[in-house]
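Novice: Take a look at the letters that make up each chain.
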Amino acid sequence: MKTIAIIGAGPAGIEAASILAAKEETEILLFEKSASTLDNLRDKAFLFPDFSAADDLVEILEAKLNRDNIKLLSGKEVKSVTEQDGGWQLQDAEGTSYTADAVLMTTGYKVFDAHRKEELGYGIYPGVITSIDMEKKIKEGKVLNAVGDTPKKIVFLQCVGSRDEKSGNHYCSKVCCVTAVKQAIELRKLLPEVETYIFYMDLRMWGGGFEEMYRESQEKYGVRYVRGRISEAASTYDGKIQIKSEDTLVGLPLKMSADLLVLMVGMEPSEGTKMLTRQCNCADSYGFATTMNPHLRDNETAQPGLFVAGSCKRPMSLNDTLTDARSAVVKIAEYLR
Amino acid sequence: MRNLKFGFAISTPRSINMDVADNRLLKQLEAEVPSFKRCMNCGACSATCSARQFTDYNIRRIHSLFRMQQYQDLEKELRPCMLCGKCTLVCPRGVNLRSMIMNMKKILTDPKRKDNE
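Read top to bottom, the protein sequences are chains A and B.
Per the numbering used here, residue 215 is the first one in the first sequence, and the count goes up by one each step.
Per the numbering used here, residue 42 is the first one in the second sequence, and the count goes up by one each step.
Since the hints were derived computationally from the structure, they do not count as laboratory data.
Note that beta-carbon positions come from the ideal geometry of N, C-alpha and C, so glycine has one too.
Please note: incorrect hints may appear among the correct ones.
[Claimed, not checked] Only some residues are given here: those of chain B computed to face chain A with a beta carbon under 10 Å:
# : residue
1 : Ala62
2 : Asn64
3 : Gln69
4 : Arg108
[Claimed, not checked] Which residues of chain B face chain A? A partial, calculated answer using Cβ under 7 Å:
#  : residue
5  : Ser56
6  : Met59
7  : Asp63
8  : Arg65
9  : Lys78
10 : Asn82
Chain B extracted, bound-state conformation:
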């Protein structure tokens, strides 16, 4: 039964519900990388990003999703990053993006992860 295909797919609705969002991972990241808070979403990081030129990888959007406490699939979304650090060099607000990415990966893959997932 499980393999039945009806020729259409129902996409799961995805919206941000801040009332059920869990801010513990965000607080943890902000404590590790205080410069995270300074982002003003200019997109210079994604503009210079080599991975962005060839994949769907978008570090500005990942930052925004993390800030809105939407962690689903983020670990997977972070994989194309090659940690070259160009994003950190161009950021006008001095966000330490390379450290942010490393810490995001660490927090999201932690076996003792603090949220419910």
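Okay, chain A solo, but in the shape it has when bound:
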């Protein structure tokens, strides 16, 4: 009998657990610090690039947990992971100990706290919201401005907390570009009269179907793109948000007021990711997990038997996270053979 401990019941943890559990003589301990699984995914309305409902995927992933040899330990936060006699010992917040033959960390990300970019007014002006807030509004099917009216103009700002030395994050969060395109399309479907502007530094349409979505957003949905970073946001007397930027393609400064300013917040390592990567000596300068090498050993840490998958390694899209979980399974099976 082999026991595999998986830390974090998000998409990566569940996908890996369900495949590993298919092998006989295997037991999975799936730890989840919160009371429910898939918390980040449950907030989402639709998924790029196919606009499928996030709830459908939640349902499919939940069903994968229905196996006798997957023991879901929700509400159990893993506080320490230590190697012991060739195996692994884990301890939760209550002090209970568990032993395992291999450990997979799928502790994931958290979103950048937009309050840290004070000049953009999040938490100061009600018309400034984050992409997560917007996603929830789209999911409810009800998007209103700060005073409860139908918005006429909505501005998106890319790279909030990403590619920004002032936030301490040099990296690109990878999913925000296409998320803004997705949300702008959703808004135009929901409110055909609304004008949507996306302020960007580069548009990184790296995934399959992303560039086509971008093109469709321009052509079919009339989404407008302005190259330039918004330097500051302020409130107008009538509760709108006035933004200042530079249209870098024209070379002129630009002013605009909008009903809503949506900050596309990036990804940071979750608290659990930061704590465990530090403890296991596999943290990079941000607290994400480092691997043996990015080409062939991207799920292995320097400690044999300790594996990582998903967005605890770096910002990752949902579909890449699921793929990465499956690739970790291969490496874990090799190790336990």
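Given the structure of chain A, go ahead and fit chain B onto it with the hints provided.
Specialist: What follows is chain B alone, placed relative to chain A:
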């Protein structure tokens, strides 16, 4: 008095104020030339442009200004174009630039122009 020269000039501040921008000409152009919307500002059009090699004519920038509803001086800026159509041939997004230029000229010089100018 009007001819007094003080040896310096005060340049008029020029910035884009989207709150007073008039989108009617833009909407008119987008209806005439739907491919206008597809531009991603790569600059292939201006790179191949013969007029661009010898004058300040920059069709990519004119496109951007029109898109931001900044129509001042655009009619004049469009004049160096010889309508050779090389820009249309190179555009990776299939923007019909030659038609766009013709329609811009038409809209901007229309005596019954729809904006306030």
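Novice: Tell me if the interface restraint on Asp63/B is satisfied: Cβ within less than 7 Å of some Cβ in chain A.
Specialist: violated, 13 Å
Novice: Should the interface hint for Asn82/B be scored as holding, given a Cβ-Cβ cut-off of 7 Å against chain A?
Specialist: Because about 5 Å separates Asn82/B from the closest Cβ in chain A, which is inside the 7 Å limit, the hint holds.
Novice: Going by Cβ atoms only, is Arg65/B closer than 7 Å to chain A?
Specialist: Nearest chain A Cβ about 14 Å off; hint violated.
Novice: Could you check if Ala62/B really has its C-beta closer than 10 Å to a C-beta on chain A?
Specialist: holds, 9 Å
Novice: Quick check on the hint: Arg108/B CB to chain A CB, less than 10 Å?
Specialist: Holds, about 7 Å.
Novice: With a cut-off of 7 Å on the beta carbons, see whether Met59/B makes it to chain A.
Specialist: holds, 4 Å
Novice: Any CB of chain A closer than 7 Å to the CB of Ser56/B?
Specialist: holds, 4 Å
Novice: Tell me if Gln69/B is really an interface residue toward chain A, meaning its C-beta lies closer than 10 Å to one of theirs.
Specialist: violated, 14 Å
Novice: Please check whether Lys78/B passes as an interface residue: C-beta within 7 Å of a C-beta belonging to chain A.
Specialist: holds, 5 Å
Novice: A closest beta-carbon separation below 10 Å is what the hint needs, so does Asn64/B meet it against chain A?
Specialist: holds, 8 Å
Hint compliance for this structure: hints 3, 7, 8 are broken, all remaining hints hold.
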